[in-house]
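Engineer: On the provided structure of chain A, position chains B, C and D as indicated by the hints.
Okay, here's what each chain looks like letter by letter:
Protein chains: 4
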Amino acid sequence: MKESAVKKIAVLTSGGDAPGMNAALRAVVRTANYYDIECYGVREGYNGLINGDFLKMGPRSVKNIINQGGTILKSARSMEFKTKEGRQKAYDHCVRLGIDGLVCIGGDGTFTGAKIFNEEFGIRVIGVPGTIDNDIFGTDNTIGYDTALNTAMDAIDKIRDTATSHNRVFFVEVMGRDAGFIALNSGLATGALDILIPERKDSIDELFTNFRNAEKTGKASSIVVVAEGEKLANVYELAEKTKKDFPDYDIRVAILGHMQRGGSPSCADRVLASRLGYGAVTGLMEGKTNVMAGMRSNDLVYTPIEEAIKKHNEINKDLLLISKILAI
Amino acid sequence: MKESAVKKIAVLTSGGDAPGMNAALRAVVRTANYYDIECYGVREGYNGLINGDFLKMGPRSVKNIINQGGTILKSARSMEFKTKEGRQKAYDHCVRLGIDGLVCIGGDGTFTGAKIFNEEFGIRVIGVPGTIDNDIFGTDNTIGYDTALNTAMDAIDKIRDTATSHNRVFFVEVMGRDAGFIALNSGLATGALDILIPERKDSIDELFTNFRNAEKTGKASSIVVVAEGEKLANVYELAEKTKKDFPDYDIRVAILGHMQRGGSPSCADRVLASRLGYGAVTGLMEGKTNVMAGMRSNDLVYTPIEEAIKKHNEINKDLLLISKILAI
Amino acid sequence: MKESAVKKIAVLTSGGDAPGMNAALRAVVRTANYYDIECYGVREGYNGLINGDFLKMGPRSVKNIINQGGTILKSARSMEFKTKEGRQKAYDHCVRLGIDGLVCIGGDGTFTGAKIFNEEFGIRVIGVPGTIDNDIFGTDNTIGYDTALNTAMDAIDKIRDTATSHNRVFFVEVMGRDAGFIALNSGLATGALDILIPERKDSIDELFTNFRNAEKTGKASSIVVVAEGEKLANVYELAEKTKKDFPDYDIRVAILGHMQRGGSPSCADRVLASRLGYGAVTGLMEGKTNVMAGMRSNDLVYTPIEEAIKKHNEINKDLLLISKILAI
Amino acid sequence: MKESAVKKIAVLTSGGDAPGMNAALRAVVRTANYYDIECYGVREGYNGLINGDFLKMGPRSVKNIINQGGTILKSARSMEFKTKEGRQKAYDHCVRLGIDGLVCIGGDGTFTGAKIFNEEFGIRVIGVPGTIDNDIFGTDNTIGYDTALNTAMDAIDKIRDTATSHNRVFFVEVMGRDAGFIALNSGLATGALDILIPERKDSIDELFTNFRNAEKTGKASSIVVVAEGEKLANVYELAEKTKKDFPDYDIRVAILGHMQRGGSPSCADRVLASRLGYGAVTGLMEGKTNVMAGMRSNDLVYTPIEEAIKKHNEINKDLLLISKILAI
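Residue numbers (my numbering), protein chains in the order written: chain A, 315 to 642; chain B, 315 to 642; chain C, 315 to 642; chain D, 315 to 642.
Keep in mind that the hints were calculated from the coordinates and are not lab data. Each hint should be verified, as a subset may be incorrect.
Since copy identity is lost for identical chains, a pair holds within one copy or between any two.
Calculated cross-link-like contacts (lysine-lysine; reagent style DSS-like; alpha-carbon spacing at most 25 Å) [as the list claims (entries may be wrong)]:
#	residue 1	residue 2
1	K322	K398
2	K530	K377
3	K316	K631
4	K370	K530
A quick note: this is a predicted structure, and the numbers were derived from the prediction, not measured.
Extracted from the complex, chain A is given alone in its bound form (with noise of 0.2 Å):
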């Protein structure tokens, strides 16, 4: 390998946990200890790296974590990042420390902060999808998402099993403010009625449409999985407008809420974290900047960050057509 683009990194952690932060931050730190860079850790995101809340990290820094949810380094939302001075003093710091990249693993808002701190003071910055919502450009999946998906299933298994034991209608909230992927995917998995998602304009009385034929096939009891950023109604309103058409039903409400985000990590996301933290680092050493790792069908590939932050991964139409197949 040619000389590296970089000498000495740090690595942060930003904006909502993720399982598979852990395992991401022990990518890149191992990694860059194997190709002799030195790398700091950066505590609570954004705000560390205002403050200068570094900590230098070797290989046992990171032991014992690749199983662990959560962030080691904390995560947090800055919004001093977001002004100028900011910037600067974080900048500063960089510079004091001999930093020349910066691993950034969250979501949109982290990779919007990295973005601006490059094009600033022109450090090099590379992004690491870490977000529970898989609404990121440029990678298959994000890291957190498929343990997400696992845990509002199991959820959604459990709620199934007294939903049919007494004949109820659960109205199952999951998370997801923009995206429907959680929903769509646990959804389809859990043999909901309905799902509905932000990304589709859903009616009240297509949904009255399905509970009428679920009553035909003699089906007793139906979950229908709503994304947190649904725009037809809450959880508690559709409840409510349900309860209003269909009186005898028993309707009961589940909001799944801040678990989905915690637990060990799958192996899917273990894996992932892996590759792109290793990914991050071979790119800044590289002379990538200004872009996110990502996998796609297995292979490794940076994307512009300012198209990761743009685009966004498509909600694909078969999955809504095939999960109203499935659950009749």
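Structural biologist: Here is chains B, C and D on its own, set in the frame of chain A:
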């Protein structure tokens, strides 16, 4: 064994469903079969008894259910069984089929119905404690309780990942309208800073003192586990009050909800259910009636059903102290 | 959609069972129903085809199976289907029932049978890749692979607890007679010191060098993950050889075995199985034959079945390097 | 509380590791801290006592370990502690540090060491039963047993998926060199056809009779759970013998092995460990010595350590009958 006191029995599940009800049902059906007792399953609790919704069951009727959550007989709360007319109809069906013994799997309400039914019509009844709440006297644990504890604990473990990563305070509501068993044990098992249960008079000041003490020891994130039936305030109110006194806290609320009722039963619940289902049938055979089968320190014991209803498993005071000591 | 190329189809599962086969079956049956195609399930793979063991299936035949491991149609390896006479009998049954399309869920062997059957008798066949080994060309993942990875990983995580507590070395054998996918990915995900797979020529010296390097970094316990089909030696032989050179090591062996084939499918496997089952039916309707339905980077693709058999998913060379770098 | 009988205590984990040992350690350390007792952790069991490998522990030393398998103090079997010289060295270290009480978390062997140590040198010792085997008298359950049961059960549930799909017979070996608790309870919980344990004289004829009876009832697949210490034959021999008499059977063997020792402890184990760790410290404070802290029917009880070693929890005879009745 001398001659059995019963020749034909029926079994039903009633009240809120609990993991392990199927395992208990399987044990009832197969034990009856082993001892040449005819056995009927009754659908949807006491409603099925009233409506004559009986199902002849043999060993193969209950195959592959020991590991399934919910209840294949379905469950329901019956208003009609609270009336004399309803119970008369139920008794008529029993007479018609020649049923001389009834196994009722459920909680307090289920047992109250069974007791009245026995007192009015003389039909032998035996209760099997199936409820996640563990609020039944006469058994160390109720069926479903252990599974619910593990479900709640796993969810709180996940929430802790994100609480720790973001230095947050979480108020987590677990099930238990009248009893704090789930809250106390899952809270202890997850190192909750505080645990609020209906059996104890809690004060907001004490909670706030705990927050302040935690700050002093450098604890950056906290979980407070709150039983559904807590009298001081619900999780939303607690979050609001806390925010007023601790405006810097990043506070979130999570309601674990119905997933706590479902899922494949734990080993302890499957074994308990198997033993109690067996004990219910052999108890009826030996002429027992108006009792509940329970397990104490690995021994099968029968408790008068009246006692099982009126008395309550007491929250262990030690546990409250221990949880306080250990959540430093 | 223009007229369907098939009117009556059959579906079978063959070869080693894999989690998600039931989800694929459900998708085939319900998709067929949706498009007014008659659908038969065939019991015990090609044996059922030969013996005429067909089962008419409708939407309700596949309820509550999406979350179940194994295959309700059962699976078997059929010697008789390898003979012309056997296949003739199978074809006669198809003719008798008017079956004009066949969905074969399984692996290499299953597809070879399907291909010959198609070539001899012209009946349309389509393959669905269901095997935990992931050794099928034409799809990013096979059905069951993701679940098996998580099962293996969870087991190795547990073994690590005891390895660490006792400073032990564990040789863990995972499934994969010809392919190292499970070993490589589960080993990477659990931080294995070394991973031995049939695709690479391994040497005992290299393994011993890794042990010595681990000692130098102060690593007190180690996991070595070995694919079933590793050519260097099996886990027992490896343990013995290691003991000779490292007499102080406390060495243990674990063979994860058949549990890797079972369990409730992961979300990814349920979704993959649903999409491929759907794709198999719509593929047949569109006139496709002698192809396999697969998923690449979230897109449904069809690969000539001959190619799916002859080519192989290649182990990613990067992954070997990454696992070495990260297991410092 | 009157004055404590101890001022400075040490705690160690010894023998085979068990899930919940960390939770017990945490409880010991934090209870000691609460009552102003100094507390030292001893590394690697009695070896650490002999080598003076002590570690001062405070509340923060045990944070985030309640949910971790294994033991952060590490465990080992010590040959040297079986010698007078070894124990003298250990005592000298205790004297030097002023340690006047010792909490020993482990099983039979651990307690025997503790007892001799106390008798020779008078230092107060208290045992905490930490072993997955549940073969300790004086407590309903030992720490780790419940988790191991669930691990074994989950694995057997998975094996059943593949057994059922292929009509196979599986001989599954679970841990338990001297005790059949894990075999009996996990076998009962998974509907095993037969369960072979060292406490009962098993015969191959009886096993074969069970196979023949199962055939009659149409059971196409079977699981036989065998304790490690079964005297009749090991799983490989059983498979071979069965194959001779039932040549048509497709027979497989699975050895669950060391994964049964690991994993995050169940809620019951975390609570049990917390209560016993608390009870060990308060017991020492009250002047108790040469006893074991145990839990019976939710009450903390102390048993003379000699009794805990000599007597054994008896396999419940009812359970054997029940497992036979239910595995029809």
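Engineer: Of all the hints numbered above, which does this structure not satisfy? Sort the numbers upward.
Structural biologist: Nothing - there is no hint that the structure violates, so all of them hold.
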